[in-house]
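The lines below spell out each chain.
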Amino acid sequence: MTVRLSKAWLGLIFLAFLTLAGCSRTATSQPQTSPPSSSQPSAKAETAKPSPKDSTSLEQLREGQASSTESGPLKEIYFDYDKYDLRADARETLKANAGWLKSNASERVEIEGHCDERGTNEYNLALGAKRAQAAKDFLATLGIPAQRLSTISYGKELPVCRESTEECWQKNRRDRFVIMTGRPAS
Amino acid sequence: MMKLKIFLGAILGILTSLTSLNAQVKGLIVGPGAERYPIAVSPLKNLGQSDDTKKLSEGIADTIVRDLNLSGWFKVLDRSAYIENPQSTGITLGSFDFKDWSVIGAEGLVKGGFTLQGEELTAELRLFDVYQGKQILGKRYTASAKDFRRIAHRFADDIIFQFTGVQGVFNTRIAYVSTGSGRFKEIYVSHLDGSERLQVTNNRTINLSPSWAPDGRSILYTSYKDGNPSLYLFDLFAGKDSKFSSRGGLNLGGKWSPNGKFVAVTLERQGNTDIYLLDSGGSLVRRLTEYPGIDVSPTWSPDGQSLAFVSDRSGSPQIYIMEVDSGKTRRLTFSGSYNTSPDWSPKGDRIAYTSRVAGRFHIFTIPVQGGEPQDLTPGSGDNEDPSWSPDGRYLAFSSNRRGSYNIYIMQASGENQQRLTASGGDDKNPSWSPRLE
Numbered sequence: 001m002t003v004r005l006s007k008a009w010l011g012l013i014f015l016a017f018l019t020l021a022g023c024s025r026t027a028t029s030q031p032q033t034s035p036p037s038s039s040q041p042s043a044k045a046e047t048a049k050p051s052p053k054d055s056t057s058l059e060q061l062r063e064g065q066a067s068s069t070e071s072g073p074l075k076e077i078y079f080d081y082d083k084y085d086l087r088a089d090a091r092e093t094l095k096a097n098a099g100w101l102k103s104n105a106s107e108r109v110e111i112e113g114h115c116d117e118r119g120t121n122e123y124n125l126a127l128g129a130k131r132a133q134a135a136k137d138f139l140a141t142l143g144i145p146a147q148r149l150s151t152i153s154y155g156k157e158l159p160v161c162r163e164s165t166e167e168c169w170q171k172n173r174r175d176r177f178v179i180m181t182g183r184p185a186s
Numbered sequence: 001m002m003k004l005k006i007f008l009g010a011i012l013g014i015l016t017s018l019t020s021l022n023a024q025v026k027g028l029i030v031g032p033g034a035e036r037y038p039i040a041v042s043p044l045k046n047l048g049q050s051d052d053t054k055k056l057s058e059g060i061a062d063t064i065v066r067d068l069n070l071s072g073w074f075k076v077l078d079r080s081a082y083i084e085n086p087q088s089t090g091i092t093l094g095s096f097d098f099k100d101w102s103v104i105g106a107e108g109l110v111k112g113g114f115t116l117q118g119e120e121l122t123a124e125l126r127l128f129d130v131y132q133g134k135q136i137l138g139k140r141y142t143a144s145a146k147d148f149r150r151i152a153h154r155f156a157d158d159i160i161f162q163f164t165g166v167q168g169v170f171n172t173r174i175a176y177v178s179t180g181s182g183r184f185k186e187i188y189v190s191h192l193d194g195s196e197r198l199q200v201t202n203n204r205t206i207n208l209s210p211s212w213a214p215d216g217r218s219i220l221y222t223s224y225k226d227g228n229p230s231l232y233l234f235d236l237f238a239g240k241d242s243k244f245s246s247r248g249g250l251n252l253g254g255k256w257s258p259n260g261k262f263v264a265v266t267l268e269r270q271g272n273t274d275i276y277l278l279d280s281g282g283s284l285v286r287r288l289t290e291y292p293g294i295d296v297s298p299t300w301s302p303d304g305q306s307l308a309f310v311s312d313r314s315g316s317p318q319i320y321i322m323e324v325d326s327g328k329t330r331r332l333t334f335s336g337s338y339n340t341s342p343d344w345s346p347k348g349d350r351i352a353y354t355s356r357v358a359g360r361f362h363i364f365t366i367p368v369q370g371g372e373p374q375d376l377t378p379g380s381g382d383n384e385d386p387s388w389s390p391d392g393r394y395l396a397f398s399s400n401r402r403g404s405y406n407i408y409i410m411q412a413s414g415e416n417q418q419r420l421t422a423s424g425g426d427d428k429n430p431s432w433s434p435r436l437e
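Protein sequences, first through last, are from chains A and B.
Mapping to this note's numbering: the first sequence position 132 is 132, numbers consecutive.
Mapping to this note's numbering: the second sequence position 206 is 206, numbers consecutive.
These are calculated hints, taken from the structure and not from any lab test.
In this text, a Cβ means the ideal position worked out from N, Cα and C, and glycines have one as well.
Treat the hints loosely; a few may be bogus.
[As the list claims (entries may be wrong)] Residues from chain A that keep clear of chain B, each with C-beta distances beyond 12 Å, as calculated:
| hint | residue |
| --- | --- |
| 1 | Y78 |
| 2 | A126 |
| 3 | C168 |
[What the hints assert, rightly or not] Selected chain A positions facing chain B (Cβ under 7 Å, derived; list incomplete):
| hint | residue |
| --- | --- |
| 4 | E110 |
| 5 | E122 |
| 6 | Y123 |
| 7 | A129 |
Extracted from the complex, chain A is given alone in its bound form (with noise of 0.2 Å):
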């Protein structure tokens, strides 16, 4: 798809969302085709959008869709509170996720670092970057050449949930990985 859409387009796709979700602030799910993994929280399937797997949470947030934890082949990873280091349940999804990208050598992933809800902006978007980066420098150390990874810190900004809960911000606190191949490079 078309990474720049028409302002006309945008505004449609919005108003079809606000006729879908009927509220966009307080939605927490989000419409997806693909089946949720185990690992995932429950999203529901509700109607026949493009898969999520293939947009930047970004792009879900333009196109009216609330942020997803869909990405496709390849898992996300999550962190502790306020921390960057890879923990040993990340360390795992990652190697399962270099083995996908080993098989798949011409596919190109962006890394988005996500974080929870707690604590200033500037902060949180700092603390992605390296959440981001942390996963793209594993993933080298797994022999994935790193004009392959690209990284992009969103912050506290696009939370997959918004309740004031563990488990909602542990779901946040994560890295996503979006298949990028087909776009141009940044």
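Based on these hints, arrange chain B on the given structure of chain A.
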């Protein structure tokens, strides 16, 4: 965009004349913590032929009341207690009875009148000392009728000057981030009383960290509108938006040096954020921090010699101070394990910041030389992102104490906390403008 230009043109064109009427300086000194000075603000008398009495008569008085209440120095007496009919009494000494005001407990009294000719509004405003039966201050202002609030703000500023020796800050504005328009985070600018709200960005993405140029003409902000979080400069007077720094990765929290020659900014290289110095055109001057962890959120000292910023080099986010020329750096905060978003007081003596206390976020200030931090928001909710007023006597901040985030202001002592915004969405990241004219 046209609307924006017209709107902002009006800032330049305000108050075509400003005449002082036998102004007499009288030092009635009050201070924070002191008892508030009881004052009455009468609706203005219609001195002309126009019918439009209530909007201007009460609108100007209401705006002065709101400003005096926000200031924290005054106790404005409730209008329902006023005895006198402002339309049938005069506004000059001898043409009204001070007893009508002393009997309800007023020590100060604001009276005034206005004439409206076409769209031109002339307002005369006077401050009286009720006990001494004297006029303290008298001013005449002329402006377009739609700018009646600015006349009120100007007179409120003049009253504050009369009482404290420092001009008030009610002709300033606050820039902030709001989701008021839906799920997107857009930047808005409004008066302290929430009036004349202007939407600066409308790109339906994430816009963050607005900050004013020292001349108040432009705002630097970070936006994801082109995908990468880049720094943009929006010229409020020209209505023109331009890219300021779009290096790969974060271009975050740009802050103009007080002399307007440099911008301190957080840039990211391979996940590592550091503070950099850019020139006024956005070109790199030099890198200021070299630490491999997080360095973020610079704020200038008013003399432009130092920067405070946040670093996690000790293992948790803490505030540090660096001399810009020498690079000499010292740690400022030692209490708590999460201290972020510093803002250096224009007075130079203290730094305000956000600190985590028992899982919630509070606004603190701390002396620049170090010492005991002061908790200004020990009450409920999360309180974040303090921004000093240009006189260093107030702080704007965001708080979710009533559910969604709103912008509040308080005195530097923490007293008199009042909500400024209520967009229905989340209002965050306030940045207080310099004095504007």
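Hint-by-hint comparison with the structure:
1. Y78: 18 Å, holds
2. A126: Given a closest Cβ separation of 4 Å, the condition is violated.
3. C168: Holds: least Cβ distance 15 Å, greater than 12 Å.
4. E110: 10 Å, violated
5. E122: 5 Å, holds
6. Y123: 4 Å, holds
7. A129: With a closest approach of 5 Å, the A129/A hint holds.
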